[in-house]
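Enquirer: Going line by line, the protein sequences match chains A and B. Each residue of the first sequence is one higher than the one before, counting from 1 in the working numbering. Each residue of the second sequence is one higher than the one before, counting from 1 in the working numbering.
No lab work stands behind these hints, which were simulated from the structure alone. Be careful, since some hints might not be right.
[What the hints assert, rightly or not] Here are the simulated BS3-like pairs of lysine-lysine, each with C-alpha atoms no more than 25 Å apart in a straight line:
| # | chain 1 | residue 1 | chain 2 | residue 2 |
| --- | --- | --- | --- | --- |
| 1 | B | 496 | A | 33 |
| 2 | A | 115 | B | 496 |
| 3 | A | 33 | A | 115 |
| 4 | B | 178 | B | 234 |
| 5 | B | 22 | A | 115 |
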Amino acid sequence: MKSNTEPKIVAFCCNWCSYAGADAAGTSRLQMKPHFRVIRAMCSSRIDPELILDALKKGAWGVLVAGCHPGDCHYVTGNYRTHRRIALLKNLLQELGIAPQRVRLEWISANEGGKFQKVVNEFIDEMAALGPLELAGQPTAKEAS
Amino acid sequence: MKIGVYVCHCGGNISEVVDIKKVTSFAEQQADVAVVRDNAHMCSDVGRNLVLEDIKKHNLDRIVVAACSPQFHGKTFMDIVEKAGLSPYVFEMANIREQCSWPHFNEPDLATRKAKDLVNVAIAKVKLDESLERKTMPIGKRVLVVGAGIAGIQAALDLGDAGFEVHLVEKEPTIGGKMAKLSRTFPTEDCAACILSPKMADVPSNPNITLYTNSTIEKVSGFLGNFEVTINRKPTYVNDNCVACGICEEKCPVKVPNEFEQGLTTRRAIYVPFEFAVPYRYLIDEAKCIYLENGKCGNCKKVCPHDAVDFEQKPEKIEVKVDTIIVATGYDIFDAKEKKVYGFGTNKNVITSLAMERMIVHEAEGRTTRDIGRRIAFIQCVGSRDEQIGNEYCSRICCMYATKLSQLLKRADPKKDVYVFYTDLRAFGKGFEEYYKRAQKTGVKFVRGRVAEVNEDSKTGKVMIKVEDTLARQIIESEFDLVVLSVGMIPGAGTKQAAEVLRMTRSPGGFLQEAHPKFKPVDTLSDGVFICGCAQGPKDIPDTVAQASAAAARAIRLMNRGVYAVEPITAVVDEDLCSGCATCVSVCPYEAVKTEIVNDKRVAKVNEILCQGCGSCSAACPSGASQQHWFMNNQLRAMVGAALGEEEE
């Protein structure tokens, strides 16, 4: 994903529900736009908001975080943490002048291949309409170091 | 650092979409990549040996396999890497099948580009992998089996016989489940009670099985090797003194429909569920007992010669610790009232197949409970294969039980006219097709067509059926004495409750989801939790018994060695960076993190046995001191960079 003319989406999926849901979409041959890259973590609660910002900084047009449905988290309460963190992050994005819809949180279970397909296609379309993220002040060499 | 990259064709599943050559030549250009190969089936013996030999020959110290999902073959390759003498955690998989070639088969160019990115992501991560080692944990031999129908009974007996400690929990006052209600079993026509009751009797006589009837699981916490279960036992108001003499029953003034007999007979408020119930002991129906309602009867207590009636019994909470769990919570029959067009509940001559099972038992025992009539119609697929009521699935048993019931009726009285109106006749099992042929020869009339109308003649009470015979292409309007609805299966109330308590995923029909439909049919995504029988999906008795034994064997596989391997992907704290703020302590769902003083400084400490490796604490840590092995901060960032085509620095 080098050029910046097509949407680039990073999808963080938890191992137990949403990554299996992504697999289920593929196993059912549900066709999706290929502009997303899944990164697996054990739980959606491993996904540090800073990591999401890192993805946006590195050129992602949008970041999807997908976890188990409320009450179904493999780690009991992990997805509730995710829920709160993403809500805070969206507030922060707003403050920074970044469209909060660039970060999307979804609950996708292991058998919801259809939902995974729908969410991904929808999100890619939405990000395509929004275009690449133009960060006002790209860091100077000094700041980056 | 020397990385080996292996790209799988998956016999065309990948290579028909993804240009493998482009992926391998991309991999060859990446820094530190020493060997790149592709193979038709990386998971085959040939493919595995390729990895094994390359590691030794080329001194590879990192491996990337681009193939199917890590959830499918991750373990296969980790085992190979370990066999070659490396840590199984210096390995990554790029999922270019489920998440690339399959969902993007119309766009081969973009799919190839994505496959390269996914390989790049795996390379970026593998470079930062630490040489973690699998640890072993002690595990005991204790199993919780939830549900004591034929599935739970079979699993419990297999485990008990193998020397494992079984806690068998049943929500009803007796074990036996739905099978206990059946007349005979297809296609052999064994009497259901005759083959089930010996197995039921084996349960209390097995020294390794503790039985909890009238009980449900209220709470389960912990994990494989360490589950803590709270069992809630409802009072029966009859204690162990009961010898089932039956004197109490004679004096009970309450009469209510007998649910075991599908309301065809009545029972008292103090009763034994049925004649071969286990435990064979009276209990009081607390919703119907006069004494429990207003204190104004107590006849049973007065007449009991053994002082067995105890109105003071209270619900009891029992805590047990187990290592593995088998869920065998079964099904409920579809509530035929929901299918209003068939008139069940308003038309007294429309009954369920389960009622017909009981009527046939009663006939055989010479105690007719209601007139069967001369003309009988079976309507198939009631609550199954019906999108209108939201059940798309086939219940798998109704074709064969209707075939059974119809020919039992016909054989008992050849003068009866017995019709089966079906959608498709599915006789898929061993001996089923032969059994269906026999029913046809007996004279049962099988008509293909979904019944459109069922109307009661208010004068005669007979039932008029309107249906199109789709083979003969004619509309049939015919009168019957009795209409039997072949009701399908829905997930049982116990299955729904168990799914909630154990946080199990359910399939679209609401039954419990297996870890893999073909290779892990009784495992779930939770380690140490297994499923079997109709809790997993509709099935007949032979399949249920086979699955129950399979679940027992899978549980034994984990427990038998006394130790099991745990993944070392736990949290780890850099004590130099840690400020002792204890944010991690507050987010841990397992109380696995605590703070303590080390060298005059408060720091967080992770208990690696309790830590389950979610990584929530690592995400929460404000100073980057808390990290998760195999998902370290630098690894996640490197993966993000690689996914977005960032050049390596």
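Enquirer: Evaluate each hint against the coordinates.
Expert: Right, here's what the structure says about each hint:
For a cut-off of 25 Å, the pair hint linking residue 496 of chain B to residue 33 of chain A is broken: about 36 Å separates their Cα positions. Under the criterion of a C-alpha separation no larger than 25 Å, the hint pairing residue 115 of chain A with residue 496 of chain B is consistent with the structure, at around 22 Å. Restraint check for residue 33 of chain A and residue 115 of chain A: the C-alpha separation of about 14 Å stays at or below 25 Å, so the hint holds. A threshold of 25 Å between alpha carbons decides the hint, and for residue 178 of chain B with residue 234 of chain B the separation of about 21 Å falls inside it, so the pair holds.
This hinted pair does not check out: residue 22 of chain B and residue 115 of chain A have alpha carbons roughly 32 Å apart, beyond 25 Å.
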